[in-house]
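Asks: These are the residues of each chain, in order.
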Amino acid sequence: MKNMLLTLAGLASASVALAQVDTTRPMVTGHGNVNAHPQTVIVTNQTAPSPGDAPMTLEKFVVTGSLIKAPAAPAKAKQRPPAAG
Amino acid sequence: MPSGRTVTAEQLWQEFDQSLPAGVWVSPLESRKYEVISAKWMRQEFLPSLKQQMRTFWKEGVPEDDTAGNCNGFALICRLMLSLSAMDAHACTPATATVIVHQEKAFGGLSATKEDHCVEFVLTDEGPWIIEVQSGAYAKLGDYPNRETIKLVSVH
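Chains as they are written, first to last, in the working numbering: chain E, 54 to 138; chain U, 316 to 471.
These are calculated hints, taken from the structure and not from any lab test. The beta carbon of each residue, even a glycine, is placed where N, CA and C say it ideally should be. Fair warning: there could be bad hints in the mix.
Said to hold, decoys possible - Each pair of labels, with its calculated beta carbon distance range: (1) Asn88(E) <-> Ser450(U): 21 to 31 Å; (2) Thr77(E) <-> Leu391(U): 20 to 30 Å; (3) Gly83(E) <-> Asp440(U): 19 to 29 Å; (4) Arg78(E) <-> Pro363(U): 29 to 39 Å; (5) Pro378(U) <-> Arg78(E): 12 to 22 Å; (6) Gly83(E) <-> Glu360(U): 33 to 43 Å; (7) Ala427(U) <-> Gln73(E): 19 to 29 Å; (8) His405(U) <-> His90(E): 37 to 47 Å; (9) Gly83(E) <-> Lys455(U): 14 to 24 Å; (10) Asn88(E) <-> Lys366(U): 35 to 45 Å; (11) His471(U) <-> Gln73(E): 30 to 40 Å; (12) Gly83(E) <-> Gly442(U): 15 to 25 Å.
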């Protein structure tokens, strides 16, 4: 009986797992739907670096906040109306 | 194409999820049901036709490098031939996909190029197969030497 219960529990959990996959959305084996993992990056072997690849640095893309710290822009000059034609 | 046995989209996903290594991207499955393809028909009818089709391309001298006549193009033709056969049999969408794999080991007449390559996945009634389209060679997915370096499966 215990075995049967375990089997039934296994089947139930398998069907739950099955129901959780939306096959109309992209999937990754071992993870299910990609959109079931919001704000996480699923690293697949597509992104595995080649042996010759240099390690990527992100220094250029770090947000510095310089836009916020920038001095206030001078008052706008009076704008010229758009030219006709 | 003999028809009759089908799998649901969920069952096809389960097949991919269980038979492929973790981390392989699988395209959305847009059909509700997919036709399981007869292995006997593949051996007796389809693969000889595929080989004949490939020989025709070679005779035409289709260029290979940076043209449509590359592995992707040939794999798409294989998928198209299976789709045409399924249409003719009034069957469901065939359970087949193009597969991008890193060719770490030689298979089906192609050496270990250590580059990305395109082959065909077919779910037969004997289990999942991988076909080297350009030679017509096939292996059960479990015996496919580059199974661990499969990257992407595109069904549609």
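Asks: Now look at each hint and say whether the structure bears it out.
Replies: Going through the hints against the structure:
1. Asn88(E) <-> Ser450(U): 21 to 31 Å: The hinted range 21 to 31 Å is violated for Asn88(E) and Ser450(U), with Cβ atoms some 38 Å apart.
2. Thr77(E) <-> Leu391(U): 20 to 30 Å: holds (22 Å)
3. Gly83(E) <-> Asp440(U): 19 to 29 Å: Holds - the Cβ-Cβ distance for Gly83(E) and Asp440(U), about 26 Å, lies within 19 to 29 Å.
4. Arg78(E) <-> Pro363(U): 29 to 39 Å: holds (38 Å)
5. Pro378(U) <-> Arg78(E): 12 to 22 Å: violated (37 Å)
6. Gly83(E) <-> Glu360(U): 33 to 43 Å: holds (35 Å)
7. Ala427(U) <-> Gln73(E): 19 to 29 Å: violated (38 Å)
8. His405(U) <-> His90(E): 37 to 47 Å: Holds, at about 39 Å.
9. Gly83(E) <-> Lys455(U): 14 to 24 Å: holds (21 Å)
10. Asn88(E) <-> Lys366(U): 35 to 45 Å: holds (41 Å)
11. His471(U) <-> Gln73(E): 30 to 40 Å: violated (21 Å)
12. Gly83(E) <-> Gly442(U): 15 to 25 Å: holds (20 Å)
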